[in-house]
Amino acid sequence: MILFIWGVAFTLTGLSFLKDKQKTYEVLIFSIKSLKKLLPTLFGMVFFVGFILTIFPEEKIMMIFNHKGYLGFFLVSLVGAIVTIPGPIAFPLAGALLKMGAPQELLASFISTLTMVGLSSSLLEISYFGKRFTFLRQGSSFISAMLIGLIMGSLL
Amino acid sequence: MSLIELILNTFTNSSQFLIEVFKFFPPILILMGLLEAWIPKDKIETHLGHESGIKGMLFAIILGSAAAGPLFAAFPIAKSLSEKGVRAANTVIFLCSWATIKIPILIMESSYLGIRFSLLRLFVTLPFILLMGLIIERLCQNNGSIFSNDH
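Sequences listed follow chains A and B, in order.
Its first residue numbered 6, the first sequence is counted upward by one per residue in this note's numbering.
Its first residue numbered 1333, the second sequence is counted upward by one per residue in this note's numbering.
Everything labelled a hint here was simulated from the structure, so no lab data went into it.
Treat the hints with caution; some may be incorrect.
Said to hold, decoys possible - Here are a few chain A residues that face chain B, going by a calculated C-beta distance under 10 Å: (1) A14; (2) T29; (3) E31; (4) L33; (5) F35; (6) S36; (7) T59; (8) A95; (9) L103; (10) L112; (11) A113; (12) S125; (13) S146; (14) I156.
Said to hold, decoys possible - Listed below are the simulated BS3-like cross-link pairs for lysine-lysine, each with C-alpha atoms no more than 30 Å apart in a straight line: (15) K1375(B) with K1416(B); (16) K1373(B) with K41(A); (17) K1411(B) with K1387(B); (18) K38(A) with K1375(B); (19) K28(A) with K1355(B).
Said to hold, decoys possible - Far from chain B, some chain A residues (derived; all Cβ distances over 12 Å): (20) M68; (21) H72; (22) V84.
The C-beta atom is built at its ideal place from N, Cα and C for all residues, glycine as well.
So that you can see chain A by itself, here it is in the shape it has in the complex:
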């Protein structure tokens, strides 16, 4: 997946270079500049994720799936919104939770906030789109995630 993205970026840069050297040069300068500007936010995000993973280890995440009712939906959505777990780790974890008897509707809410709401990436989102947009997108995603779980509970 990651090789594919680098491959596409290299190929397109090559094509762009063949078509217009000056323009491509400007694109690369622009990209390096925006990376430099983002570095503090990116490092902040990285350390935040590390910290959250340290205080919320997998065993603790498993515990919240014991809560029943609306409180359960709220808690799993909240934890999903706070922690950031990359997909290749998150889905095996969700699979393990399912085997241990975690309700599927709670897993649906958890996966929804885990993927759509990101406390750790919110500074980055704000730097691109502003506070208002970020708050609205993440807030509405949080509410949607709980409703998605509730609806799936009635369908499953």
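Since the structure of chain A is provided, determine the placement of chain B on it from the hints.
Chain B in isolation, oriented as in the chain A frame:
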């Protein structure tokens, strides 16, 4: 857990994510630059702008879900798309589709939680994504520019 342990574990856990971030960000920023330089504004506006309607929304969903990479990689791309005239609703739809219903996620999800679970979540989630796009667009319109930090 002692303080020293906390700090050490934070660094260990961060380092894995640090690699993840720097695997994705450089090529994404280059792609964003190329997109900005080469894709004509009027084309994006026709397909994803204010007049694009349902077709534009579908297109935003397809663009978002065909992606690979974490959500934070979508921000620069969504930003340059929006500067090319994509309507706010479609920017939200693109971001949320990228976040939660992109194909790599659906594949991983269905292999661990079953294809039934994954497809059901996909179909339950889709209307919410469209609704969120439309609501956020409406809420942001009252304040002029949708992405400003001043409000």
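Evaluated hints:
1. A14: holds (4 Å)
2. T29: Check passed: Cβ of T29(A) comes within 8 Å of chain B, closer than 10 Å.
3. E31: holds (7 Å)
4. L33: holds (7 Å)
5. F35: holds (5 Å)
6. S36: holds (4 Å)
7. T59: holds (4 Å)
8. A95: Constraint on A95(A) satisfied, holds at 8 Å.
9. L103: At about 6 Å, which falls below the 10 Å cut-off, the nearest Cβ of chain B leaves the hint on L103(A) intact, so it holds.
10. L112: With a closest approach of 7 Å, the L112(A) hint holds.
11. A113: Since the shortest Cβ distance to chain B is 5 Å, the answer is holds.
12. S125: Constraint on S125(A) satisfied, holds at 9 Å.
13. S146: Holds, because the Cβ-Cβ distance from S146(A) to chain B comes to roughly 7 Å (cut-off 10 Å).
14. I156: Since the shortest Cβ distance to chain B is 5 Å, the answer is holds.
15. K1375(B) with K1416(B): Measuring from Cα to Cα gives roughly 9 Å; hence the hint holds.
16. K1373(B) with K41(A): holds (26 Å)
17. K1411(B) with K1387(B): holds (20 Å)
18. K38(A) with K1375(B): Holds. K38(A) to K1375(B) sits at ~27 Å (cutoff 30 Å).
19. K28(A) with K1355(B): holds (25 Å)
20. M68: Fine: 16 Å to the nearest Cβ keeps M68(A) off the interface.
21. H72: holds (20 Å)
22. V84: Correct as stated: the minimum Cβ-Cβ distance to chain B is 16 Å, above 12 Å.
In this structure, none of the earlier numbered hints is contradicted; all agree with it.
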